[in-house]
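Novice: The chain contents come next:
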Amino acid sequence: MEKDSSDSENEGTPITIPMPGLIVDLLVKVGDKVKTGDNIAVMEAMKMEIDLPSPVAGVVKTLHFSKGDNVARGDVLAIISK
Amino acid sequence: MKKTSANERLKELISLKKQAMVGGGAKRIEQQRALGKLTARERIDLLLDEGTFEELGAFITHRSSDFGLAEKEFLGDAVVTGSGKINGRLVFVFSQDFTILGGSISEVVGQKVKQIMQMALDNLAPVIAIFDSGGARIQEGVWSLYAVGEMLLHNMLCSGVVPQISVMVGPSAGGAVYCPAITDFIFMVKGISQMYITGPDVVKAVTHERLSHQELGGAEIHARKSGVAHFTYDSEKECFDAVRRLLGFFPQSWQEKPQFINSKDNPLRIDKNLRKLVPDDPKKAYDMKVLITSITDDGDFVEVQEEFARSIIIGFGRMDGRSVGVIAQQPAFMAGVIDIDSSDKAARFVRFCDAFNIPLVSLVDVPGFMPGSAQEHGGIIRHGAKLIYAYAEATVPKVTVITRKAYGGAYIVMSSKHLRGDINFAWPTAEIAVMGAEGAVNIISRKTIAASDKPEETKRQLVSEYEERFSNPYFAAARGYIDDVIDPAETRSKVIRALETLENKKNTNPKRKHGNIPL
Numbered sequence: 199m200e201k202d203s204s205d206s207e208n209e210g211t212p213i214t215i216p217m218p219g220l221i222v223d224l225l226v227k228v229g230d231k232v233k234t235g236d237n238i239a240v241m242e243a244m245k246m247e248i249d250l251p252s253p254v255a256g257v258v259k260t261l262h263f264s265k266g267d268n269v270a271r272g273d274v275l276a277i278i279s280k
Numbered sequence: 008m009k010k011t012s013a014n015e016r017l018k019e020l021i022s023l024k025k026q027a028m029v030g031g032g033a034k035r036i037e038q039q040r041a042l043g044k045l046t047a048r049e050r051i052d053l054l055l056d057e058g059t060f061e062e063l064g065a066f067i068t069h070r071s072s073d074f075g076l077a078e079k080e081f082l083g084d085a086v087v088t089g090s091g092k093i094n095g096r097l098v099f100v101f102s103q104d105f106t107i108l109g110g111s112i113s114e115v116v117g118q119k120v121k122q123i124m125q126m127a128l129d130n131l132a133p134v135i136a137i138f139d140s141g142g143a144r145i146q147e148g149v150w151s152l153y154a155v156g157e158m159l160l161h162n163m164l165c166s167g168v169v170p171q172i173s174v175m176v177g178p179s180a181g182g183a184v185y186c187p188a189i190t191d192f193i194f195m196v197k198g199i200s201q202m203y204i205t206g207p208d209v210v211k212a213v214t215h216e217r218l219s220h221q222e223l224g225g226a227e228i229h230a231r232k233s234g235v236a237h238f239t240y241d242s243e244k245e246c247f248d249a250v251r252r253l254l255g256f257f258p259q260s261w262q263e264k265p266q267f268i269n270s271k272d273n274p275l276r277i278d279k280n281l282r283k284l285v286p287d288d289p290k291k292a293y294d295m296k297v298l299i300t301s302i303t304d305d306g307d308f309v310e311v312q313e314e315f316a317r318s319i320i321i322g323f324g325r326m327d328g329r330s331v332g333v334i335a336q337q338p339a340f341m342a343g344v345i346d347i348d349s350s351d352k353a354a355r356f357v358r359f360c361d362a363f364n365i366p367l368v369s370l371v372d373v374p375g376f377m378p379g380s381a382q383e384h385g386g387i388i389r390h391g392a393k394l395i396y397a398y399a400e401a402t403v404p405k406v407t408v409i410t411r412k413a414y415g416g417a418y419i420v421m422s423s424k425h426l427r428g429d430i431n432f433a434w435p436t437a438e439i440a441v442m443g444a445e446g447a448v449n450i451i452s453r454k455t456i457a458a459s460d461k462p463e464e465t466k467r468q469l470v471s472e473y474e475e476r477f478s479n480p481y482f483a484a485a486r487g488y489i490d491d492v493i494d495p496a497e498t499r500s501k502v503i504r505a506l507e508t509l510e511n512k513k514n515t516n517p518k519r520k521h522g523n524i525p526l
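Protein chains in written order, with the numbering used here: chain E, 199 to 280; chain S, 8 to 526.
A couple of the hints might just be wrong.
[To be verified] DSBU-like cross-link-like pairs, simulated, lysine-lysine; straight-line CA separation at most 35 Å: (1) E/Lys231 x S/Lys296; (2) E/Lys227 x S/Lys291; (3) S/Lys92 x E/Lys245; (4) S/Lys283 x E/Lys245; (5) E/Lys231 x S/Lys283; (6) E/Lys233 x S/Lys291; (7) S/Lys296 x S/Lys271; (8) E/Lys231 x S/Lys232; (9) S/Lys92 x S/Lys271; (10) E/Lys259 x S/Lys211; (11) S/Lys466 x S/Lys454; (12) E/Lys259 x S/Lys290; (13) S/Lys296 x E/Lys227; (14) S/Lys290 x E/Lys280; (15) E/Lys280 x S/Lys291; (16) S/Lys291 x E/Lys259; (17) E/Lys245 x S/Lys271.
[Said to hold, decoys possible] Listed next, with one range per pair, are the computed distances between beta-carbon atoms: (18) S/Ser380 x E/Gly235: 44 to 54 Å; (19) E/Ala270 x S/Asp288: 21 to 31 Å; (20) E/Lys280 x S/Lys296: 43 to 53 Å; (21) S/Asp248 x E/Gly235: 19 to 29 Å; (22) E/Glu209 x S/Gly255: 42 to 52 Å; (23) S/Gly167 x E/Lys280: 39 to 49 Å.
Hint data in this document are derived by calculation from the structure and do not stem from the laboratory. Please read all numbers here as calculations on a predicted model, not as lab measurements. Ideal placement from N, C-alpha and C gives every residue a C-beta, glycine not left out.
Here chain E stands alone, though its shape is the one from the complex (with noise of 0.2 Å):
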């Protein structure tokens, strides 16, 4: 089965944000282990909390926002590896 090309790339997984918002809350930093399903941030969006959970388990390589920060669809939230 062939690999998403854009995990070589990067090697790891990305948290891509789903819809423009504002995030609430960051609950990792660089370095944290999550488990598949591991909340990462809280985004505020049409006046809801939504969870962004990790996909995957593996450990924050790279975090691109903070709390406070607005952010649009398809903006990588950030990457875990393996």
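Guided by the hints, dock chain S onto chain E, whose structure is given.
Specialist: The following block gives chain S in isolation, referenced to the frame of chain E:
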């Protein structure tokens, strides 16, 4: 042929039948296995009840002689066709044979498939199409285009008459990939299925984009990104089991209702946990699947397009034995907004259920359509309109339960009374309004707030008043737009009773050639 005895003729038949069974021959079957794939006939065996397959056209051979094809004659050519039973129900099936000339579509493949689909129409039984093909048989030139065209035409003719299910267990490329595209549900198998109009080689040559077969059109891409695949599985066996299961929710044709399949699950079953499902904090999400599996028989729910447009959930379940189509927001994903993809996903599902007499159960917690330039420029106006049209057009029983938010246009679209929702319920936590309190107050009381010496406090008070007046189901219930406000614990029994009441419901739409649903 020289004169031979009946006995010898019988021996000859047995020998020819054996030959037909091996399709392209032992070596090609080996190659198929090496790719982790089953043969055309093995797939039919997995799909159908044991011993029920009646093959038609095993002796059909192609008529071409160009490009050395005269030496490559195969009994049955590159497709196995016939009828059989699934859980005792008649179905028609065609299964492309990759071992014969790469499963390529020839004039006679088209002829065989056309016959099967015509029989499905004449006998009103579902069609199961198993695809594994390199595409049109180039050596046959325009004859192969005729074949693909005939298949496409018959997909359209069968559409809405009998259920059509496609199982992609190999490549499907070029014009022929539009065949499964026209059918009702597409199954794919990870690592084995590929669907694309143009393959990676041509893509690389023309656009310089480098992608593997899986990246361009494999099961995961079509499950997650394009929404083309309705179901994906890890193995062919799981896949065919799932096809058998799915068919159980459908009738044989548009002229019947789906079969009742009784369960021991009490139709009056109460679930007190549902009273705690909606969080007190309006900003917090919850998992709508908890409600879905609480109200369906035995918690069974077959979700469709699970990984695509996840802010809306669609799928099949049973309620007191009755097959139903469930549509629900998923508040835990993107706040349950309706966007372009979720509009498309739900609209087609609504129309399938309507075509085949499957009642619709809609569970609503929707804050609105997703705003922003990405959606507007992408045409949310055209796509959202599909869902409105589909719900309005549907004449099957429509039962709706609003659990929390139902704002504005999204309230209207989600099977409201105004679109001929038959029985509309709301939980006490429902908020049915033109928009959220804050948004409304900002508009209505703009001047009051601006004129106040403490604008923030004034606004807060006005928001609170608005919430008390409108953020509840009673304003709508007072108008009869909500038929009953219900205890969440009783949702299953209320919906089942409603469906019983609506069992013989009849609705019509004006006579016309057909409407013009926005596409």
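Novice: Hints first: check each against the structure and report whether it holds.
Specialist: Comparing the hints with the structure gives:
1. E/Lys231 x S/Lys296: Status holds; Cα separation ~29 Å.
2. E/Lys227 x S/Lys291: 23 Å, holds
3. S/Lys92 x E/Lys245: Violated. S/Lys92 to E/Lys245 sits at ~51 Å, over the 35 Å cutoff.
4. S/Lys283 x E/Lys245: Holds - the C-alpha atoms of E/Lys245 and S/Lys283 are around 21 Å apart, at most 35 Å.
5. E/Lys231 x S/Lys283: 32 Å, holds
6. E/Lys233 x S/Lys291: 22 Å, holds
7. S/Lys296 x S/Lys271: 21 Å, holds
8. E/Lys231 x S/Lys232: Measuring from Cα to Cα gives roughly 28 Å; hence the hint holds.
9. S/Lys92 x S/Lys271: Cα-Cα ~26 Å, so holds.
10. E/Lys259 x S/Lys211: This hinted pair holds, its Cα atoms lying about 33 Å apart.
11. S/Lys466 x S/Lys454: Judged against 35 Å, a Cα distance of about 11 Å means the pair holds.
12. E/Lys259 x S/Lys290: 29 Å, holds
13. S/Lys296 x E/Lys227: 31 Å, holds
14. S/Lys290 x E/Lys280: With a Cα-Cα distance of about 33 Å, the restraint between S/Lys290 and E/Lys280 holds, given a limit of 35 Å.
15. E/Lys280 x S/Lys291: Distance ~30 Å between E/Lys280 and S/Lys291 Cα, so the pair holds.
16. S/Lys291 x E/Lys259: 28 Å, holds
17. E/Lys245 x S/Lys271: 41 Å, violated
18. S/Ser380 x E/Gly235: 44 to 54 Å: 32 Å, violated
19. E/Ala270 x S/Asp288: 21 to 31 Å: 26 Å, holds
20. E/Lys280 x S/Lys296: 43 to 53 Å: Between E/Lys280 and S/Lys296, where Cβ atoms are some 29 Å apart, the hint is violated.
21. S/Asp248 x E/Gly235: 19 to 29 Å: 28 Å, holds
22. E/Glu209 x S/Gly255: 42 to 52 Å: 45 Å, holds
23. S/Gly167 x E/Lys280: 39 to 49 Å: For E/Lys280 against S/Gly167, whose Cβ atoms are near 48 Å apart, the range 39 to 49 Å holds.
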